[in-house]
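Turn these sequences into a full structure, and let the hints steer you where they fit.
Letter by letter, the chains look like this.
4 protein chains.
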Amino acid sequence: MVIVMAPDAPSDTIDSIVDLVASVGGEAYVTRGVSRTIIGLVGDVERFETLNLRALPGVADILRISTPYKLVSRENTTERSVVQVAGVPIGGDHMTLIAGPCAVETPEQTLEAALMAKRAGAALLRGGAYKPRTSPYAFQGLGETGLKILSDVRAETGLPIVTEVVDASDVELVASYADMLQIGTRNMQNFALLQAVGDAGKPVLLKRGMSSTIEEWLMAAEYIAQRGNLNIVLCERGIRTFEKATRNTLDVSAVAVAQRLSHLPVVVDPSHSGGKRELVLPLSRAAIAVGADGLIVDVHPAPETALCDGPQALTHADLAELAHVVTALPPLVGRTLTPSVAQVGAGV
Amino acid sequence: MVIVMAPDAPSDTIDSIVDLVASVGGEAYVTRGVSRTIIGLVGDVERFETLNLRALPGVADILRISTPYKLVSRENTTERSVVQVAGVPIGGDHMTLIAGPCAVETPEQTLEAALMAKRAGAALLRGGAYKPRTSPYAFQGLGETGLKILSDVRAETGLPIVTEVVDASDVELVASYADMLQIGTRNMQNFALLQAVGDAGKPVLLKRGMSSTIEEWLMAAEYIAQRGNLNIVLCERGIRTFEKATRNTLDVSAVAVAQRLSHLPVVVDPSHSGGKRELVLPLSRAAIAVGADGLIVDVHPAPETALCDGPQALTHADLAELAHVVTALPPLVGRTLTPSVAQVGAGV
Amino acid sequence: MVIVMAPDAPSDTIDSIVDLVASVGGEAYVTRGVSRTIIGLVGDVERFETLNLRALPGVADILRISTPYKLVSRENTTERSVVQVAGVPIGGDHMTLIAGPCAVETPEQTLEAALMAKRAGAALLRGGAYKPRTSPYAFQGLGETGLKILSDVRAETGLPIVTEVVDASDVELVASYADMLQIGTRNMQNFALLQAVGDAGKPVLLKRGMSSTIEEWLMAAEYIAQRGNLNIVLCERGIRTFEKATRNTLDVSAVAVAQRLSHLPVVVDPSHSGGKRELVLPLSRAAIAVGADGLIVDVHPAPETALCDGPQALTHADLAELAHVVTALPPLVGRTLTPSVAQVGAGV
Amino acid sequence: MVIVMAPDAPSDTIDSIVDLVASVGGEAYVTRGVSRTIIGLVGDVERFETLNLRALPGVADILRISTPYKLVSRENTTERSVVQVAGVPIGGDHMTLIAGPCAVETPEQTLEAALMAKRAGAALLRGGAYKPRTSPYAFQGLGETGLKILSDVRAETGLPIVTEVVDASDVELVASYADMLQIGTRNMQNFALLQAVGDAGKPVLLKRGMSSTIEEWLMAAEYIAQRGNLNIVLCERGIRTFEKATRNTLDVSAVAVAQRLSHLPVVVDPSHSGGKRELVLPLSRAAIAVGADGLIVDVHPAPETALCDGPQALTHADLAELAHVVTALPPLVGRTLTPSVAQVGAGV
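Residue numbers (this note's numbering), protein chains in the order written: chain A, 1 to 348; chain V, 1 to 348; chain U, 1 to 348; chain W, 1 to 348.
For the record, the hints were derived by calculation from the structure and aren't laboratory data. Backbone N, C-alpha and C fix where the C-beta goes; we use that ideal spot for every residue, glycine too. Hints are supplied without guarantee of correctness; some may be wrong.
As the list claims (entries may be wrong) - Straight-line Cα separation of at most 25 Å, SDA-like style, residue types lysine to any residue; simulated pairs:
| hint | chain 1 | residue 1 | chain 2 | residue 2 |
| --- | --- | --- | --- | --- |
| 1 | V | K70 | W | A9 |
| 2 | W | K244 | U | T134 |
| 3 | A | K276 | V | T50 |
| 4 | W | K276 | V | E243 |
| 5 | W | K70 | V | E243 |
| 6 | V | K244 | W | L319 |
| 7 | A | K244 | U | T134 |
| 8 | W | K244 | A | V4 |
| 9 | W | K276 | W | L319 |
Claimed, not checked - A short list of chain V residues far from chain W (calculated; beta carbon distances all over 10 Å):
| hint | residue |
| --- | --- |
| 10 | P7 |
| 11 | I14 |
| 12 | G33 |
| 13 | R36 |
| 14 | G43 |
| 15 | D44 |
| 16 | P68 |
| 17 | E75 |
| 18 | T77 |
| 19 | H94 |
| 20 | P107 |
| 21 | L111 |
| 22 | T145 |
| 23 | Y177 |
| 24 | R240 |
| 25 | G291 |
Stated by the list, open to error - Rough simulated footprint, nothing fancy, chain V against chain W, three-plus residues with beta-carbon under 8 Å:
| hint | region |
| --- | --- |
| 26 | 2 to 10 |
| 27 | 30 to 42 |
Here you go:
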């Protein structure tokens with residue numbers, strides 16, 4: 001931690017800061033520059049935070065040098081993690097495809113989308129039973145009925161389920177069906193929900209807030225980790241910018257940056273980033289090429305009847321190209337597509 | 001609703017859209033331009049939405065003309081609303097000051113801050129017992145202990161309480177103490193929470209999401225209103241921009257725009273916008289001058305010991321100027337400061 | 001300047017940095033923390049910059065402590081400046097209104113707009129003869145013909161002229177007509193143009209880039225100042241944000257921040273910020289209340305025929321309210337409206 | 001063009017709009033909806049623009065349906081263009097690497113960087129003689145001396161030159177040395193400069209403004225095209241977002257979107273996007289994978305002594321991997337690396 005003093009800070013303030021820092025067991029090193037004095041602090045940053053130094057007169061700025069997250073940081077855990085979702089690995093040398101419908105609508109639509117996902121190379125099935133929607137008048141998901149449909153489709157296809165939970169009080173119920181719990185972009189800083197999924201003991205897919213910094217995203221992951229759950233996969237899904245031609249702007253650099261700062265795997269959602277079907281495949285290629293640990297893609301048997309985000313769902317005609325992308329590109333970045341566990345056992 | 005067709009859209013697609021629109025009871029008017037054809041739809045927009053027209057081949061864009069919110073819209077309720085909080089009005093010709101500590105820390109600190117608030121002209125007391133914090137290692141609030149302190153301070157000062165609720169399962173408890181429930185910026189799209197406060201029957205202070213559009217903010221209010229609770233006050237608290245010199249950027253135009261689009265009162269939080277004590281008074285003046293229905297300001301008896309947001313809290317030395325600002329400026333925009341109800345009865 | 005070393009930086013790198021700093025006459029103080037080592041540098045920052053320390057292995061980050069601008073900084077010139085434009089002061093206890101048409105179209109329209117401006121209390125006339133437009137197909141201004149019209153209108157009304165220059169090679173010509181040269185938002189970092197107006201010896205109105213930070217804005221002013229011209233007035237005109245309901249978002253905090261960091265006067269353009277007539281008066285009130293040194297407002301006798309930005313121009317019906325705002329509000333912030341010099345002499 | 005009327009617009013206003021549209025040879029089709037009336041216009045949009053309809057009372061909004069750019073639009077020129085730079089193609093099935101130092105510093109440094117560029121697979125040499133810098137105290141480039149160095153290095157290596165021009169009055173001089181003129185991000189809306197390079201008859205590399213929309217970028221290209229120069233290559237170089245971990249955010253979707261909207265080739269600058277050496281290769285992979293027509297990369301023989309942007313320059317150790325990336329990935333998206341023309345002739 002570095003304290004920058006205002007140009008006119010009196011020297012007794014500086015002395016009192018040195019004393020304050022000593023009072024919590026730290027050491028303060030004063031460097032008097034031409035126009036400014038800076039004070040470098042050595043010791044326990046958490047204890048320095050309690051001193052509220054920023055509010056002292058004469059303090060112009062406080063620069064935090066070390067990262068504010070610990071458990072998810074790569075400084076503490078050098079080796080990158082592999083998260084297991086019902087036997088399907090995400091991370092390491094794998095490139096894992098998660099695919100399925102944005103929303104669970106009917107048993108038939110969900111099964112058909114799951115079979116499409118599998119055909120494209122998916123090892124995990126995505127599908128929403130609880131949908132957070134900007135408008136209260138939009139379709140909000142089937143709730144537990146949707147979870148049961150997902151569960152039936154898992155039985156039939158062998159694909160483990162990734163599904164979103166939107167309220168802390170639903171976590172237990174959703175966790176009783178799901179193999180992986182998804183936290184959506186609007187809930188990235190819903191701290192009660194983060195703590196609840198941290199307690200639930202299931203792997204978590206944590207989407208980046210649509211205007212969050214990478215540091216805030218990692219702090220959100222830290223909330224989950226702090227409850228003893230380190231089975232967290234980060235998901236970049238596009239950030240809000242001025243650009244109107246796309247729904248969001250996929251931040252591919254965030255994948256590389258987050259992988260350097262954290263040991264957690266990072267996957268990309270090309271469907272919600274671009275918001276348009278024709279962008280999904282180019283963005284999928286970019287995501288794999290930049291080094292993502294996986295992709296999560298919307299597919300739908302009949303996008304024109306989808307109750308949610310139809311315009312961005314891939315459909316039958318796109319599957320062959322998706323299958324090609326997820327098999328051909330990963331080897332160029334030292335990865336291989338994670339096969340479906342189901343392919344061995346279930347024989348669908 | 002206007003459908004814009006792609007330049008190469010075949011005319012049988014246009015015919016089938018006309019038929020689809022008719023199938024849900026609407027009418028479609030086709031205008032063939034030089035480079036594009038557009039189709040104007042007349043009828044029930046909610047039913048048109050179910051047609052998923054955006055996903056049809058040949059459709060380039062769909063422009064929604066009418067506002068997507070109804071209950072909070074000024075198109076439906078022309079006259080601007082006045083929300084009553086335990087007898088204290090917000091809206092109309094009033095300019096209401098809400099003040100208090102960012103977080104409830106001790107009975108003494110809360111009482112002293114409440115007395116400071118009252119001296120500055122506040123009619124309502126703010127104070128957080130549940131604090132959503134970016135870091136899991138930061139002070140998270142006293143919980144119910146904090147609510148009891150607020151309740152005691154209300155008894156002593158006569159100031160009704162505005163306090164934040166962060167989880168749907170806490171709403172009943174918080175509502176049993178509070179006079180007004182606050183939804184924080186990170187929870188603006190926590191839809192389960194919005195519905196829960198909609199059901200609770202207490203007035204709601206709804207902060208704008210830090211990177212939300214005004215339309216998304218009004219849609220969030222619509223979630224509350226849809227549960228039968230129209231006692232909603234909107235709160236502009238600064239939006240995220242590139243500027244690093246301030247914590248957020250206070251969007252004063254949003255006050256004027258929201259007041260034109262919605263009948264709900266709009267107040268401003270100058271403390272969280274700027275994030276620095278020296279900006280609070282200039283921004284308070286700007287907020288009143290632009291026409292805000294109220295201000296919500298952090299005050300603290302000893303900001304250098306505050307457990308939360310000390311650098312932005314006004315302290316004793318600033319109170320006289322705050323009191324001057326909130327009495328002198330409102331008459332210039334046709335308003336008067338809402339007096340404290342307590343001033344009549346409690347005589348503190 | 002503070003150098004933050006990477007956690008794994010070898011200690012001989014640290015030694016070599018200490019030597020490098022000494023080689024340019026500086027001193028380096030090393031503070032070894034628990035997880036990181038920091039090095040505080042004392043001496044001439046410009047010389048440190050030539051060392052390219054950021055590119056050295058083991059350097060994680062470099063934090064610049066002092067401000068990168070000098071001549072426009074308030075650290076060096078404590079007292080706030082008053083800029084004189086042909087006898088009309090901007091800054092100090094003054095609140096100066098600049099008004100006129102967005103673009104000069106005809107002699108009649110310009111004269112009528114100037115008379116409107118004067119009636120509203122303007123001491124300076126704005127009007128564009130060179131218009132930078134997003135589309136090459138839009139009206140680009142009358143060029144020198146427009147400058148002659150402005151000059152004639154100045155003779156008739158006595159109002160000094162503020163007009164934009166868009167290309168370095170035009171500066172001499174424009175300066176031969178104008179009393180103050182305006183740099184538009186798109187040219188804030190057109191460094192050749194900044195240097196040319198710095199050389200021209202006329203006061204400069206420097207608009208903030210529409211997505212610039214305050215620091216970049218002050219660095220742009222430094223380019224002008226470095227050529228020996230300190231008669232610079234900063235103009236906040238709204239920044240680009242996600243909000244679609246307004247053309248730009250007026251950043252009122254930037255006024256207060258820029259006035260603390262720089263001694264230059266800061267005026268506000270409420271017309272281009274909001275982009276809508278109904279927002280101009282509320283934003284003008286906010287700007288004066290926050291403490292702006294002036295306003296620059298679009299007025300037009302017939303906005304529905306304006307060749308540029310008609311929707312945001314005030315018209316006859318709005319003048320009385322504008323006149324009221326610019327006289328009634330300034331005293332509340334310790335200022336008075338700058339009278340038109342012409343009112344004494346020309347008697348229009 | 002579609003006009004949306006306010007809910008309370010009187011019907012004689014609607015009639016007068018119909019008449020106005022007819023007066024310039026257009027047709028207006030009125031659709032009266034439940035809450036709003038819309039008017040679809042058929043005819044010449046440029047003429048409708050002169051009517052200033054947005055300023056009429058009762059008009060709530062005007063939606064432009066057709067694209068505002070013509071010459072660079074893919075609606076008019078369906079086939080994608082190939083731009084030739086002194087015999088080196090950009091576009092079509094090619095993936096062209098442009099590399100070199102950010103700034104020309106010395107003959108030796110420039111030659112060594114050019115040889116590095118060639119070894120990595122570059123067909124064109126980049127290098128700046130005129131550097132637009134945020135600070136007036138930073139290195140501003142060698143000017144014509146730098147152009148001569150570039151010219152000598154071209155003679156020695158056979159690599160054609162891409163170099164930036166920052167002022168309209170320098171265009172003739174720079175064009176007398178350069179094979180391709182670069183417009184930097186800060187000058188994307190320097191319209192005088194755009195027109196000057198449009199007149200110069202050399203191919204142009206047009207960087208996207210750091211907070212421009214894709215539409216504004218294409219409008220800037222239209223300024224150049226309108227002068228008869230269609231040899232324009234668009235360059236995505238990262239946009240400004242909240243994220244602080246990277247210098248800018250590379251917008252890979254912009255590549256795909258711009259290629260759909262315009263026939264011009266689109267290249268990517270991974271060096272200025274990320275601003276960090278370790279991000280250049282991952283972002284280069286992402287750019288090729290998304291389908292970019294080329295890359296422009298900073299290389300420097302000794303980044304730790306670079307006068308400009310050293311931290312992002314690739315150096316000797318990175319060349320083999322860059323060479324691998326630019327040869328191995330393009331075939332996966334149906335492209336091949338453009339060979340250096342010099343490889344045939346010059347034999348360096």
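Now the hints, each set against the structure:
Using a Cα cut-off of 25 Å, the hinted pair K70/V and A9/W holds, with the two alpha carbons roughly 20 Å apart. Distance check on the hinted pair: K244/W and T134/U sit about 29 Å apart at the alpha-carbon level, beyond 25 Å; violated. Under the criterion of a C-alpha separation no larger than 25 Å, the hint pairing K276/A with T50/V is consistent with the structure, at around 19 Å. Proposed proximity of K276/W and E243/V is supported: the alpha carbons are some 22 Å apart, at most 25 Å.
For the suggested pair K70/W and E243/V, the alpha carbons sit about 35 Å apart, so the restraint of at most 25 Å is broken. As the CA atoms of K244/V and L319/W are separated by approximately 36 Å, the hinted pair breaks the 25 Å bound. Proximity of K244/A to T134/U is assessed by CA-CA distance (about 16 Å); at most 25 Å being required, the pair is judged to hold. The straight-line distance between the Cα atoms of K244/W and V4/A is roughly 20 Å, inside the 25 Å bound, and the hint therefore holds.
As the CA atoms of K276/W and L319/W are separated by approximately 16 Å, the hinted pair is consistent with the 25 Å bound. Remark: the non-interface label on P7/V conflicts with the geometry, its nearest Cβ contact in chain W lying 6 Å away (cut-off 10 Å). For I14/V, the non-interface assignment is confirmed: its Cβ lies about 14 Å from the closest Cβ of chain W, beyond the 10 Å cut-off. Not every Cβ of chain W is farther than 10 Å from the Cβ of G33/V; the closest lies at roughly 5 Å, contradicting the non-interface assignment.
With a least beta-carbon separation of about 5 Å from chain W, R36/V fails to lie farther than 10 Å from that chain, contradicting its non-interface assignment. With a least CB separation of 7 Å from chain W, G43/V falls inside the 10 Å interface cut-off, contrary to its annotation. A beta-carbon of chain W comes within 10 Å of the beta-carbon of D44/V; the shortest separation is about 8 Å. P68/V, annotated as away from the interface, keeps every beta carbon of chain W farther than 10 Å; the closest lies near 12 Å.
Listed as a non-interface residue, E75/V fails to keep its Cβ farther than 10 Å from every Cβ of chain W; the least gap is roughly 6 Å. The beta carbon of T77/V is kept farther than 10 Å from every beta carbon of chain W, the shortest such distance being approximately 13 Å. Every CB of chain W lies more than 10 Å from the CB of H94/V, the least distance being 28 Å, so the non-interface label holds. Annotated as non-interface, P107/V keeps its C-beta farther than 10 Å from every C-beta of chain W; the closest such distance is 39 Å.
At the 10 Å boundary, the C-beta of L111/V stays outside the reach of chain W, the nearest C-beta of that chain being 39 Å off. The claim that T145/V is not at the interface with chain W holds, since no C-beta of that chain comes within 10 Å of its own (minimum 36 Å). Remark: the non-interface label on Y177/V is consistent with the geometry, its nearest Cβ contact in chain W lying 36 Å away (cut-off 10 Å). The non-interface label for R240/V is inconsistent with chain W: the shortest C-beta to C-beta separation is roughly 6 Å, within 10 Å.
The claim that G291/V is not at the interface with chain W holds, since no C-beta of that chain comes within 10 Å of its own (minimum 21 Å). Three residues within the 8 Å Cβ limit are the bar, and the region 2 to 10 of chain W against chain V gives 3, so the coverage statement holds. For a cut-off of 8 Å, the count of residues in the region 30 to 42 of chain W with a CB near a CB of chain V stands at 10, and the three-residue condition holds.
Hints 2, 5, 6, 10, 12, 13, 14, 15, 17 and 24, counting from the list given before, are not met by this structure.
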